[in-house]
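Colleague: Next come the chains, spelled out residue by residue.
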Amino acid sequence: MSAPQSKTGPLEYRTQTGQMNILGFWIFLGAEMALFATLFATYAVLFGRTANGPTPGELFEPGTALTMTFLLLTSSFTCGLAIHSMRNGSLKSLLTWLIVTLILGLSFLGFEIYEFAHYAGEGATLQASAYWSGFFVLAGTHGLHVTLGIGWAIMLLIQLAQRGLTPTTGTKVFIISLYWHFLDVVWIFIFTGVYLIGMVM
Amino acid sequence: MKLDEFFVTGEPLIYGGMVAIALVTSAIIFLLTYFKKWGWLWREWLTTVDHKKIGIMYILSALAMLFRGGADALMMRVQLAFPDMNFLDAQHYDEIFTTHGTVMIIFMAMPFLIGLMNIIVPLQIGARDFAFPYVNAMSFWAFFFGAMLFNVSFVIGGSPDAGWTSYTPLAGAAMSPGPGENFYLLGLQLSGIGTLATGINLMVTILKMRAPGMKMFKMPIFSWSTLVTSFIIVFAFPILTVALALLTIDRIFGSQFFTLTGEGLPMMWANLFWLWGHPEVYIVVLPAFGIFSEVIATFARKQLFGYTAMVWSMVIIAGLSFLVWVHHFFTMGAGSFVNSVFSVSTMLIAVPTGVKIFNWLATLYKSKIRITVPMMWALAFIPSFVIGGVTGVMLGMAAADFQFHNSYFLVAHFHYVLIAGTVFASFAGLIYWYPKIFGHKMNERIGKYAFWFFVIGFHVCFFPLYFAGLDGMPRRVFTIIPEWMPLNVIATVGAFGMGIGFAIFVYNVYYSYRHSKRETTGDAWGDGRTLEWATPIPIPHYNFATLPHIDQHDAFMAMKKKGETTFDEAKVEPIHMPSNSGRPFLMMAILAFASFALVFEWITLAIIGLIGTLIFMGLRSFDYDEGYHIETDEIKKYEQSARRL
Numbered sequence: 001m002s003a004p005q006s007k008t009g010p011l012e013y014r015t016q017t018g019q020m021n022i023l024g025f026w027i028f029l030g031a032e033m034a035l036f037a038t039l040f041a042t043y044a045v046l047f048g049r050t051a052n053g054p055t056p057g058e059l060f061e062p063g064t065a066l067t068m069t070f071l072l073l074t075s076s077f078t079c080g081l082a083i084h085s086m087r088n089g090s091l092k093s094l095l096t097w098l099i100v101t102l103i104l105g106l107s108f109l110g111f112e113i114y115e116f117a118h119y120a121g122e123g124a125t126l127q128a129s130a131y132w133s134g135f136f137v138l139a140g141t142h143g144l145h146v147t148l149g150i151g152w153a154i155m156l157l158i159q160l161a162q163r164g165l166t167p168t169t170g171t172k173v174f175i176i177s178l179y180w181h182f183l184d185v186v187w188i189f190i191f192t193g194v195y196l197i198g199m200v201m
Numbered sequence: 001m002k003l004d005e006f007f008v009t010g011e012p013l014i015y016g017g018m019v020a021i022a023l024v025t026s027a028i029i030f031l032l033t034y035f036k037k038w039g040w041l042w043r044e045w046l047t048t049v050d051h052k053k054i055g056i057m058y059i060l061s062a063l064a065m066l067f068r069g070g071a072d073a074l075m076m077r078v079q080l081a082f083p084d085m086n087f088l089d090a091q092h093y094d095e096i097f098t099t100h101g102t103v104m105i106i107f108m109a110m111p112f113l114i115g116l117m118n119i120i121v122p123l124q125i126g127a128r129d130f131a132f133p134y135v136n137a138m139s140f141w142a143f144f145f146g147a148m149l150f151n152v153s154f155v156i157g158g159s160p161d162a163g164w165t166s167y168t169p170l171a172g173a174a175m176s177p178g179p180g181e182n183f184y185l186l187g188l189q190l191s192g193i194g195t196l197a198t199g200i201n202l203m204v205t206i207l208k209m210r211a212p213g214m215k216m217f218k219m220p221i222f223s224w225s226t227l228v229t230s231f232i233i234v235f236a237f238p239i240l241t242v243a244l245a246l247l248t249i250d251r252i253f254g255s256q257f258f259t260l261t262g263e264g265l266p267m268m269w270a271n272l273f274w275l276w277g278h279p280e281v282y283i284v285v286l287p288a289f290g291i292f293s294e295v296i297a298t299f300a301r302k303q304l305f306g307y308t309a310m311v312w313s314m315v316i317i318a319g320l321s322f323l324v325w326v327h328h329f330f331t332m333g334a335g336s337f338v339n340s341v342f343s344v345s346t347m348l349i350a351v352p353t354g355v356k357i358f359n360w361l362a363t364l365y366k367s368k369i370r371i372t373v374p375m376m377w378a379l380a381f382i383p384s385f386v387i388g389g390v391t392g393v394m395l396g397m398a399a400a401d402f403q404f405h406n407s408y409f410l411v412a413h414f415h416y417v418l419i420a421g422t423v424f425a426s427f428a429g430l431i432y433w434y435p436k437i438f439g440h441k442m443n444e445r446i447g448k449y450a451f452w453f454f455v456i457g458f459h460v461c462f463f464p465l466y467f468a469g470l471d472g473m474p475r476r477v478f479t480i481i482p483e484w485m486p487l488n489v490i491a492t493v494g495a496f497g498m499g500i501g502f503a504i505f506v507y508n509v510y511y512s513y514r515h516s517k518r519e520t521t522g523d524a525w526g527d528g529r530t531l532e533w534a535t536p537i538p539i540p541h542y543n544f545a546t547l548p549h550i551d552q553h554d555a556f557m558a559m560k561k562k563g564e565t566t567f568d569e570a571k572v573e574p575i576h577m578p579s580n581s582g583r584p585f586l587m588m589a590i591l592a593f594a595s596f597a598l599v600f601e602w603i604t605l606a607i608i609g610l611i612g613t614l615i616f617m618g619l620r621s622f623d624y625d626e627g628y629h630i631e632t633d634e635i636k637k638y639e640q641s642a643r644r645l
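Residue numbers (full-length UniProt numbering), protein chains in the order written: chain A, 1 to 201; chain B, 1 to 645.
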């Protein structure tokens with residue numbers, strides 16, 4: 001990297017480009033927060049408007065939702081371990097933890113696809129009622145984010161294998177970890193706001 | 001799909017439009033080929049990541065859109081002055097007021113201001129470019145293709161016709177079948193991506209790339225207005241993204257968000273739309289305030305009065321802008337308590353806005369005012385905007401709004417704030433910075449003709465409409481009763497006055513290009529106060545060779561006193577620059593193709609386009625191009641010749 005570079009401090013913050021990319025991504029996450037807040041608000045407004053169709057209380061399964069939560073929360077933890085390895089300068093352990101994170105993310109997605117298919121089979125489709133439109137778009141937007149994150153992380157794995165740990169790749173890994181933790185936070189709100197409340201109402 | 005369903009048929013005006021589009025397109029292709037300019041177009045413009053060139057492209061596109069939106073406006077005014085002539089039928093009139101509103105807000109006002117921000121903000125804060133030049137190019141092409149997608153609707157598929165607010169259930173699939181509304185949804189979605197990215201880009205640029213010593217509260221006021229605007233963009237545009245996406249899913253995939261079936265809630269659209277829409281009003285007016293502040297300070301030849309109050313009032317306006325959205329639909333039945341809360345928050349906005357008005361007046365007070373064309377626009381803004389603002393407070397009183405709602409009183413109000421605010425500022429800003437951008441001033445004499453035609457035309461057009469509204473004339477009608485005729489005829493005369501003013505302005509661009517004296521120094525007006533005036537002319541690619549330590553407002557004023565320039569030969573170092581790339585253009589062209597396919601609900605093609613876009617994002621991820629350096633010799637050579645040392 002030709003831009004001015006410091007030799008100390010966390011790897012991802014050593015170049016000015018790195019610092020700006022990270023700040024830019026934080027601001028982007030602010031925008032994402034506004035996006036999910038709007039989806040949550042829409043879901044809350046449409047809550048209960050099931051138009052004589054299936055209700056969430058009939059369909060939500062505590063087991064599935066809880067498993068998905070554990071998978072995603074654990075993946076957030078392993079993602080943290082990946083960043084910890086990066087700070088220690090260990091490429092191998094970084095790659096390992098990233099791959100573990102990805103496997104957990106993929107399993108989460110598998111459960112979500114199963115869950116969506118199951119609901120659709122019971123007559124709760126996107127078109128069934130306003131409530132289910134709100135549910136599928138909120139949970140689906142989160143799922144789409146996870147999917148894109150997995151594709152993105154795979155590209156980073158290839159770049160890490162090709163180039164090793166540099167301030168540039170370090171910044172990229174740090175940014176995707178921010179993204180991953182953010183998706184985890186959103187999921188916590190989905191788990192409580194959508195699944196837990198949906199099951200008791 | 002048959003060809004006569006794909007193209008719009010049966011309307012002579014639209015056939016004329018098709019012929020015009022075909023002629024202009026072939027003329028452009030012919031000229032580019034004849035003068036062998038294709039390579040130049042690709043190398044210098046389509047692949048550029050230079051903030052100055054991107055800004056110029058924004059402004060050119062915005063002027064084209066101003067022409068299109070203005071033509072829509074004149075057609076509506078002709079119809080309302082001669083309602084029995086059957087110039088436009090009801091359907092065509094509906095389409096035109098829809099495209100007029102959308103084009104003017106989304107594709108004229110915002111890009112014009114973003115274009116000025118693009119060029120000026122990095123220069124004002126002493127930066128070499130944006131924080132993310134590649135993203136900046138992507139933003140521009142997202143806006144450009146979004147605008148093209150929206151504009152092509154009037155010859156292909158049919159224009160949207162549910163108003164620029166696109167209220168459901170009218171805009172839903174049941175009542176507006178066909179591609180028209182889809183054009184609205186996807187055109188806005190595409191350009192919205194660009195706006196959001198620009199907001200993030202400008203925030204990082206301003207927070208991280210200011211000149212050494214330039215603290216936040218030493219920053220020029222236009223840059224401050226840009227920072228505050230970016231903040232609004234970042235938190236308001238995702239709401240629009242969601243609203244548009246939900247309605248798109250409703251229309252194309254049959255979900256039930258805003259439908260009358262399946263317990264959908266059509267009124268939720270109005271809430272989501274205005275949760276974005278009201279902050280949007282401030283997105284287009286805060287930069288205008290910033291421009292007027294710069295112009296007034298320069299030509300009053302005084303430091304801006306109450307700088308800190310100016311900044312804080314903008315911050316307060318930005319905060320309040322998210323808390324007033326319900327005032328757009330007091331009559332929808334939210335109940336008196338909710339209406340009262342939003343009535344009070346609406347009127348509160350008048351306070352910080354009033355602070356700004358008095359600060360401008362105080363800047364002018366006892367100053368030696370230099371009357372130039374940009375200053376005339378700024379001086380015309382203050383009283384005109386106050387009229388718009390005061391009638392806004394009238395509309396903000398919920399009880400009274402039940403009378404004003406959806407009448408021409410409202411139409412007159414928002415044209416008073418948007419034209420006197422945003423459009424006057426666009427002209428003021430462009431003429432003020434014109435010599436900086438193009439190396440010569442716009443002719444002052446012709447500029448004054450354009451000014452007087454436009455400003456007098458504006459008042460003649462919109463002032464009578466307040467009274468038409470009080471007489472009960474509703475908005476969005478294509479025919480009127482005889483009592484409203486006189487006022488409408490006057491308004492139409494005024495509208496053509498504005499049209500003549502705009503035509504003179506465009507002629508002035510050509511005239512000045514041919515005849516204006518070329519500038520030799522960067523400080524074209526001689527009274528420049530802020531850092532953008534410190535660069536030589538034409539602005540070097542890298543903007544600043546060196547920067548002095550900046551420790552006060554009006555950095556360039558201080559530099560002039562101390563005899564400093566942005567070229568200190570001893571301190572010149574190689575400057576790191578980003579490389580050009582054609583990928584932003586191609587990626588957004590492909591995304592526009594996907595959007596176009598989705599408009600016609602050709603799902604397979606849309607998916608192919610989306611995959612293409614993702615591939616381009618992947619290519620960017622694997623792109624480790626680190627740009628290049630401009631060497632010190634080259635910088636010294638340029639600065640010495642430009643500064644005639």
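It is possible that part of the hints are untrue.
[Claimed, not checked] DSSO-like, lysine-lysine: derived pairs with alpha carbons at most 30 Å apart: (1) K208(B) - K571(B); (2) K448(B) - K636(B); (3) K7(A) - K561(B); (4) K302(B) - K637(B); (5) K571(B) - K7(A); (6) K7(A) - K208(B); (7) K637(B) - K561(B).
[Said to hold, decoys possible] To spell it out: a stretch of chain A is covered by chain B in this simulated footprint if at least three of its residues, at any positions, have a beta carbon under 8 Å from a beta carbon of chain B; those stretches are: (8) 38-52; (9) 118-129.
To be clear, the hints were calculated from the coordinates, so they are not data collected in a lab. Heads up, the beta-carbon is just placed ideally off N, CA and C, and yes, glycines get one too.
Colleague: Taking the hints in turn, state whether each one holds.
Modeller: Here is how each hint holds up against the structure:
no.	hint	result
1	K208(B) - K571(B)	22 Å, holds
2	K448(B) - K636(B)	40 Å, violated
3	K7(A) - K561(B)	40 Å, violated
4	K302(B) - K637(B)	35 Å, violated
5	K571(B) - K7(A)	24 Å, holds
6	K7(A) - K208(B)	20 Å, holds
7	K637(B) - K561(B)	26 Å, holds
8	38-52	holds (count 8)
9	118-129	holds (count 4)
Of the numbered hints stated above, those contradicted by the structure are hints 2, 3, 4, listed in ascending order.
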